[in-house]
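**Student:** These are the residues of each chain, in order.
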Amino acid sequence: MLIIGEKLSIIAKRVREAMMNKDKGPIQEIAIAQANAGAGVIDANIGPAEDGGEELMQWMVTTIQDVVQLPVCLDTTNFNAIEAGLQVHNNDWGRPMINSTSNDPERFPILELGVKYNAQVIGLTVGKGGLPADAEERCAIAAEIMGRAMEYGLPLEDLYLDPLVLQIATSQDHARHVIEAVSMFQSMNEPPMKTIVGLSNVSNGCPKHLRPILNKHFFVLLENAGLTCAIADAKEMAEVGHDRQMILDVLAGKEIEDKAKMTEIKKTLDVIMGRTLYAHSYLEM
Amino acid sequence: MSYVAPKETYSGTVYPVTIGTGGKSVTIGGENALQFHSFEGTMPNRPLVAYEIQDVPPEDWPENVKKVFDGVSDCPVKWAKYCQDELKARAIALRLIGTHPDREDRSAEDAAKTVRDVLAAIDVPLIIMGSNHAEKDASVLVAAAEAAKDRNCLIGKAQEANYKTIVAAAMANDHKLIALSELDINLSKQLNILITQMGFDKERIITDPMSSALGYGLEYSYSVTERIRLAALTQNDQIMQQPILCDIGMYVWKVKETHAAESDQPQWGPAEERGILWEAESATAMLMAGAEMLIMRHPKAVAAVEALIDELV
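First to last, the sequence lines map onto chains S and C. So for the first sequence, my numbering puts the first residue at 403; every next one is plus one. So for the second sequence, my numbering puts the first residue at 40; every next one is plus one.
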């Protein structure tokens with residue numbers, strides 16, 4: 403699976419300060435660490451970036467690509483900032499990605515940028531209205547986005563469908579809807595549609611010690627459902643290794659040797675699959 | 040082909056919880072199906088309606104409900120006895136609202152005396168509630184719990200911010216406990232886990248998911264209550280199988296529909312009847328959602344709800 407290293411986000415204080423001060427050190431350090439941990443793309447999330455977004459995105463792209471030979475995922479709602487970033491992106495190290503278009507008319511022009519700059523585009527399955535209620539609604543929106551991509555001339559192979567991961571602490575049912583949507587998206591085209599998630603949002607708002615546990619389990623379930631790509635912490639995902647088989651075994655109803663681990667996996671799968679209510683202390687019960 | 044009514048099967052049961060002592064003690068909960076679904080399971084105990092009284096005169100209650108208690112509401116003991124003897128209350132809910140720092144700021148000792156005096160005058164179960172000021176409640180409810188020792192009362196409300204002292208007081212004095220969370224099913228579960236981690240039995244908790252009046256977010260309370268009950272019955276979630284309390288009167292008699300005079304809102308009809316209906320309707324909705332215990336104010340609204348329960352059980 404392709405990992406887009408997610409750590410360069412304006413939401414993180416250290417990254418935000420580095421962006422504001424144009425301090426390359428922390429940005430490059432994180433980009434290198436993500437690349438070394440196995441990221442195939444580096445996410446550059448500069449937020450809405452209403453002022454100076456173009457310059458900031460160009461600085462991010464060049465700062466990252468100065469030290470890692472990888473493409474960048476341009477993550478902002480600012481159209482001009484994305485275009486500016488694409489203009490300086492070094493495509494020799496892979497095609498850039500754009501995060502994101504959606505079913506909101508304001509986000510349609512993003513598709514033009516994908517075509518013009520030979521970039522891959524993430525299609526977030528939300529519209530102008532509320533959030534999708536379940537996997538079926540996500541598919542209905544995905545179909546709209548696919549139709550529009552073809553209209554704009556973006557090949558469907560260059561479109562990644564994103565079912566929108568929500569917080570398990572407040573929107574528990576969506577965790578399994580997202581897994582189901584990832585399966586269903588693939589059957590919407592031949593060859594199968596590519597899929598992507600912003601993984602760690604699932605554990606946003608959960609106690610710190612729970613976050614890697616929830617992220618890793620959710621990752622394995624999504625991988626099992628055929629996910630193509632995850633925006634995630636590459637270091638955390640690299641640690642999934644040995645756990646993957648244990649999680650899959652428990653999922654298949656098998657016993658595993660490590661009983662404590664088995665309990666942790668069972669409880670976490672129950673929470674993600676909506677078989678028991680989430681609570682911050684669900685592992686302690 | 041003959042029609043066969045579809046039936047749900049449930050894997051869980053609501054804990055039966057008893058409050059009070061002696062012949063007048065009351066048990067709620069114990070059902071293994073949704074409320075009133077006696078065609079799908081058993082519902083051994085009738086939902087309980089408790090009359091709300093206060094430690095201080097109800098100056099903030101609207102006239103149409105305040106006047107019902109004229110002559111008794113100046114003294115919590117008289118008020119409690121009136122509810123028990125005249126209104127045939129099956130339980131009394133004493134709200135120590137006068138302890139709130141923004142109200143009379145009564146001391147924990149004063150509150151404890153009120154509790155002792157009321158308990159000496161009644162033999163139906165007593166529910167003891169603080170003023171919902173997390174910090175003050177911690178001290179008030181500790182004193183109240185001691186004053187009520189051996190009477191198997193229901194005390195609360197324990198919230199995330201103050202549960203430790205209140206749980207300890209309930210445990211030391213053998214009371215049942217109200218656990219309040221604010222319209223959040225996941226935090227409701229979390230609070231139950233935290234309380235039981237202190238060694239308090241989960242079978243001694245009553246859950247208050249927070250109520251709201253009709254027109255003011257009742258649907259949120261309804262939905263959270265229903266989902267808690269479904270977790271108990273369909274997921275057999277052992278930490279979510281407590282009976283549910285709906286403290287509805289205090290919310291209903293705050294909204295303008297129960298206050299506005301007919302002269303100001305002629306299209307709304309007679310004010311007194313309107314207020315009674317508002318309370319009865321809100322309470323009924325919460326019964327349908329799954330509440331086993333209601334705290335109410337107006338005797339006519341209580342009578343309407345009791346009549347409905349008569350028909351449904």
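Any given hint could turn out to be false.
With the C-beta cut set under 10 Å, the calculated list includes, among others, these residues of chain C facing chain S [unchecked claim]:
#1 R129
#2 K228
#3 S262
#4 A270
Bear in mind the hints are in silico, worked out from the structure with no lab data behind them. Every residue gets a Cβ at the ideal spot worked out from N, C-alpha and C, and that includes glycine.
**Student:** Hold the hint about C/S262 up to the distance rule: shortest CB distance to chain S must be less than 10 Å.
**Tutor:** violated (13 Å)
**Student:** Taking the closest Cβ pair, is C/K228 under 10 Å from chain S?
**Tutor:** Where the cut-off is 10 Å and the nearest Cβ of chain S is about 4 Å from C/K228, the hint holds.
**Student:** Going by Cβ atoms only, is C/R129 closer than 10 Å to chain S?
**Tutor:** violated (32 Å)
**Student:** Can C/A270 be said to touch chain S, with a Cβ gap under 10 Å?
**Tutor:** Since chain S brings a Cβ to about 5 Å from C/A270, closer than 10 Å, the hint holds.
Consistency note: the structure conflicts with the earlier hints numbered 1, 3.
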